[in-house]
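> One-letter residues, chain by chain:
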Amino acid sequence: MSERTYERLNVFKTYKLYVGGKFPRSESGRVYEVSDAKGNWLANAPLSSRKDARDAVVAARKAFGGWAGATAYNRGQILYRVAEMLEGRREQFVREVADAEGLSKSKAAAQVDAAIDRWVWYAGWTDKIAQVVGGGNPVAGPYFNLSSPEPTGVVVVLAPQESSFLGLVSVLAPVIATGNTAIVIAGEKSPLPALSLGEVLATSDVPGGVVNILSGRTAEIAPPLAAHQDVNAIDLAGADEVLAKELEIAAADNLKRVLRPQSVDNAHWFTTPGTERMTAFLETKTVWHPTGSLGAGGSSY
Amino acid sequence: MPTTASTALPLKDVTTSNSTLRRYLHGLPGVDAVGLEARAASLGTRSIKTTAKAYAIDLAISMVDLTTLEGADTPGKVRSLGAKAVRPDPTDRTAPATAAVCVYPDMVAVAKESVAGSTVKVASVATAFPAGRAALPVKLADVRDAVAAGADEIDMVIDRGAFLAGNYLKVYEEIVAVKEACGASARLKVIFETGELSTYDNIRRASWLGMIAGADFIKTSTGKVAVNATPANTLLMLEAVRDFRAQTGVQVGVKPAGGIRTTKDAIKFLVLVNETAGADWLDNHWFRFGASSLLNDLLMQRQKLTTGRYSGPDYVTVD
Amino acid sequence: MASAPTPAPVSAFASAFEYAPAPESRSVVDIAPSYGLFIDGEFVESADGRVFKTVSPSTEEVLSEIAQAGEADVDRAVKAARKAFEKWSALPGSERAKYLFRIARIIQERSRELAVLETLDNGKPIKETRDADLPLVAAHFFYYAGWADKLDHAGFGTAPRPLGVAGQVIPWNFPLLMLAWKIAPALATGNTVVLKPAETTPLSALFFADICRQAGLPKGVVNILPGYGDTGAALIAHPDVNKVAFTGSTAVGKEIARTIAGTRKKVTLELGGKGANIVFDDAPIDQAVEGIVTGIFFNQGQVCCAGSRLLVQESIQDELLDSLKRRLSTLRIGDPLDKNTDIGAINSEEQLARITSLVAAGEAEGAERWSPACELPSAGYWFAPTLFTNVTQAHTIARDEIFGPVLSVLTFRTPDEAVAKANNTQYGLSAGIWTEKGSRILAVANKLRAGVVWSNTFNKFDPTSPFGGYKESGFGREGGRHGLEAYLDV
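Residue numbers (my numbering), protein chains in the order written: chain E, 1 to 301; chain R, 302 to 620; chain U, 621 to 1110.
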């Protein structure tokens, strides 16, 4: 083997959207420049259009029946698989998060580790949320009465603008844990960790269409999704105050469930979440059934 | 020869009116879907190996109604199908012939000629297959044509619309009329299109309705809708023929059709037969597979058992 | 049966469809000639050097020689568990969760090996260990893993505390599954454990010790002490044990209750049963027959929640029994490693003797005995599926738990009578209801004094679903959110 007289040129990655289990470019053919915290060019990301958003809704709707109908145990296994696969690509995400957020390696590593553990946290919730928020109701009459949570449907998630990975995972995982399907609009400035997450999901047994990831201008993609009549809910985590109000108004058209943005700092994403990001996208269904007595004359037993 | 039910229809007294018939059919025990599917799945885990597999493969080949039901069917296509049915594996004469070829009525004569001198029967779909949406005289003419052309077996479709509307007597009378049109020579298979009947309770009722009306076989489906034969609906029909024989003494055959493509699938169905209806049905007089691509998979698996190496699609004939 | 079946025409296929043997490979499991006790992360000899043999009940072959724990070993193990408790309970729940997730995954990876091992040591069919025991074991760890960091959502206060060292004694009928039911919730809640497997089935627990090693579980968190009843008694009586969990016979359960009287030990007992499987005349008959078979012949009937009493409405008795007998004739009895075997061996000579004597009592008291024609292997411990008709509430076989493949058939006329008969027992673990009428299911379920009521199904288990008995079937619940309470200071 002869000695190399030049420095090896590395291979750039083409970042693509993740829609319906596939990795398309934007239908619009557009990209935009993504830079690190110091302004150095990192990559070109797809600049999604409203048609990409529309396609994502179709994919999410198509996947909903199967995902909502999967057993909670099965969903838990798959979410845990995401954690396993992420652990194997930890170094890649540490680098991407460090670049995206201008963090030291160790601080970025803390973000990635917390994000992996967050998948584990929600993996454990899939088969417990019904036991915590559902249950039998002692109605005053000869009826069996049971309330159970069900996923609301297709949920649009505006990922947080500042926390490119831990924040993203913290808003996405609770949506799909309960059986919803999601369309994520990645943080506008630093979408690369989100786009890379698509590659992990695609190899973690998450069925195609359960998570769809779009990059681009939040203010361009979000309004058509907020107005879309086949979207059931929207998480406004990544919207500023003005956009959030505009989207909430649009969402009122078919009474989407809206999770309003909270003002949070980055440390917020490290704290153990409660159940509110799951319950925001759950419907409660209550079933009545007569019990009656054993015989026509009533039971003396 | 098998008992033909036409001379003395069993349970005649329940067919005096639509309401008596309805009362009878709705009085059959209900079917719990989860339990039925669990039982079918559990029988699907039987492990059939070596000698048992060899036996099952040959039995399955002998039960195939090799089928072509396309608008594009031609005499040439039907002739090649007939040749294949008579001698499925040209490289191995020990491979049994299939039970029948199954074609549209206008192809019966060609089919008959192509299997002449063999044990292979000619089955014909009739009664405005697959939708069955035609007037009774048209359906009967369809049947008579096929029988006149030499069909040994008629695969009729029931009027699912009438069944779902609760007009059981109409369905019954049609089957009786078709049976009569079959005459003494042709055996009648009654197709329910289970995918359209939708519920297992309906499939059980249709099975009894068909048997009461004189069906020689009850058959799941046409192969033309989304859901065709499944282990669960076939298990349910096997329970029906088992119970019907216990009650009336009349044995009726079962034919799952559509969607059975692999040897593994076929063997699962044979296990269902063996452990539900019993050994008396393990014969092509009483059990059939309505299939086309299944045959080649059976032949490839057969070659594997004979030669010890996996076969490939180039070593079996295309239809 | 109205008339004789129509004979089928003779054909080339007149021979029956005989399933060729399809044995699962034994080579996937490597059983060492001897095993020690697992204390503080290591396999050690017992203090007094005692050992016992474990045999395969289907062949009587000796599988391995096992160290037998005595009082000194119990003390050593409890001390190890106590020492480990401090750090284990102080770990963040999310870290404990990850250990349990690791264990769940390793069990999934090694499930075929463990299934074969369990079949060899217990005698139950590979079909059951492969399709029921092992998937449930992994699922149980997976489920409780997820609770470890969510205990403040479980409804037992905001920061529920673990109890300390749990002494756990498990039976031989579902060795690894019972281990999972005990260890998974204990660890998730921050307790450490000393577990005694049954003397006839110690192997899977010892393999589990190896899984703990692979998972990197801290030393002393799980300790396994094989032995007989005296080992269990010593463990339960040990003063530094905070929690006692027992699954087994009602007689031993009562003994345990006496032993711990006056202490502060928290206890859960999962004991015997005499489950009633009630079939109404509007039942889905074919599925009911399957449910009856599953109810009493699953695991050779060696199941505490078995549906050992069939209560059938008189109006459908003949029809149902005909179907049931026909179905029993298709059961395949024999080599538990054969993938087509439905009924395997009885776990031990002792258990076989108990079944045999109770069946003799049934005959002596005038009940009518029936079994399908079946050939039993010559070596090993076997008992043919057995059905008794003409059984009344007064018969021994209607009152005593047989813990074998023996079904007692009783009849009833009205729902009231069904409920009265179902409840007329000292036990209260399980019951089944078969009817297409939803309101009847719920009305009957309301009246039944049993901890688990299955309707239009039987013997269903899930880690999310609590399990446990009324009356002398014990107290406390295992499984589900409720199962956490047994291991928390609430």
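The reader is advised that the hints may include incorrect statements.
List of simulated lysine to aspartate or glutamate pairs, EDC-like, C-alpha gap at most 20 Å [what the hints assert, rightly or not]:
#1 U:K707 x U:D860
#2 U:K1080 x R:E576
#3 U:K874 x U:D850
#4 U:K1057 x R:D502
#5 R:K354 x U:E638
#6 R:K378 x R:D620
#7 R:K565 x U:D860
#8 U:K959 x R:E576
#9 U:K945 x R:D581
#10 E:K189 x E:E150
#11 U:K839 x U:E638
#12 E:K62 x E:E162
#13 R:K350 x U:E638
#14 U:K707 x U:E638
#15 U:K959 x R:D502
#16 R:K350 x U:D850
#17 U:K945 x R:D502
Not everything, but these chain R residues come out facing chain U in the computed CB check (under 7 Å) [claimed, not checked]:
#18 H327
#19 G328
#20 G336
#21 K350
#22 A355
#23 D502
#24 G609
#25 G613
If you're looking for bench data, these hints aren't it; they were derived computationally from the structure. Beta carbons: idealized from backbone N, C-alpha and C, even for Gly.
> Under the constraints set out in the numbered hints, which ones does this structure not fulfil?
2, 7, 10, 11, 12, 14, 15, 16, 17, 18, 19, 22, 23, 24 and 25
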